Amino acid sequence: DGGITQSPKYLFRKEGQNVTLSCEQNLNHDAMYWYRQDPGQGLRLIYYSQIVNDFQKGDIAEGYSVSREKKESFPLTVTSAQKNPTAFYLCASRGTGDQPQHFGDGTRLSIL
Amino acid sequence: SQELEQSPQSLIVQEGKNLTINCTSSKTLYGLYWYKQKYGEGLIFLMMLQKGGEEKSHEKITAKLDEKKQQSSLHITASQPSHAGIYLCGAREQGTYKYIFGTGTRLKVLA
Chain A
1206 DGGITQSPKY LFRKEGQNVT LSCEQNLNHD AMYWYRQDPG QGLRLIYYSQ IVNDFQKGDI
1266 AEGYSVSREK KESFPLTVTS AQKNPTAFYL CASRGTGDQP QHFGDGTRLS IL
Chain B
2 SQELEQSPQS LIVQEGKNLT INCTSSKTLY GLYWYKQKYG EGLIFLMMLQ KGGEEKSHEK
62 ITAKLDEKKQ QSSLHITASQ PSHAGIYLCG AREQGTYKYI FGTGTRLKVL A
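Protein chains in written order, with the working numbering: chain A, 1206 to 1317; chain B, 2 to 112.
Next comes chain A alone, as it looks inside the complex (with noise of 0.2 Å):
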């Protein structure tokens, strides 16, 4: 079944440390999107990739970081900088022309 895989689902940070969260899919979409969703907030716009090799930021990307050097993933790697990471993560992919986003089911990553 075609869909967009999330990894891993529980993740815990330690202060001063670099996490990657991984987001694979094989729905063949050219967009890729990653949300920080915080209780009260809504879905906010971390980075965005419209095709392979190019990424843009979005509304928050500050202390966040990315790569997409394969069309099937986009993973995001919340870097020491972010000072309130605490948070749940969503990734979304999207095919052409106005077709909704599919998201995955999520990373929740904690700081110990």
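It is possible that part of the hints are untrue.
[Claimed, not checked] Restraint-style ranges between C-beta atoms, simulated for each label pair: (1) GLY96(B) <-> LYS1275(A): 25 to 33 Å; (2) SER1272(A) <-> ALA79(B): 44 to 52 Å; (3) GLU1274(A) <-> THR63(B): 39 to 47 Å.
Worth flagging that the hints you see were computed from the coordinates, not collected in a lab. Since we're looking at a predicted model, the values are computed, not measured. All C-beta atoms, glycine included, are put in the ideal place defined by N, C-alpha and C.
Got chain A; can you put chain B on it based on the hints?
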């Protein structure tokens, strides 16, 4: 920048009751998406509306986009416990490839 405002923020209804959730945009919408999310999980796509006055239904859920394309509503008829969750509206921001979302409406259905 464009913003989506949802109301109400939360809703508790008795099973069998009808309910409506609203999504208002600060700018004209060129495509409005409704999603449902269960706590701690990803978003499930429900419906997409593009044309002013458009209405779509799936099972007991009906979504409408007003003629001016600045407001959408999601109506659930004869609610069931399975309808419980968070409903979010989303749209592509004008002139960009960025997507914005409302803050969500948390629905609880009492059996």
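Go through the numbered hints given earlier and state which of them the structure violates, listing their numbers in rising order.
none
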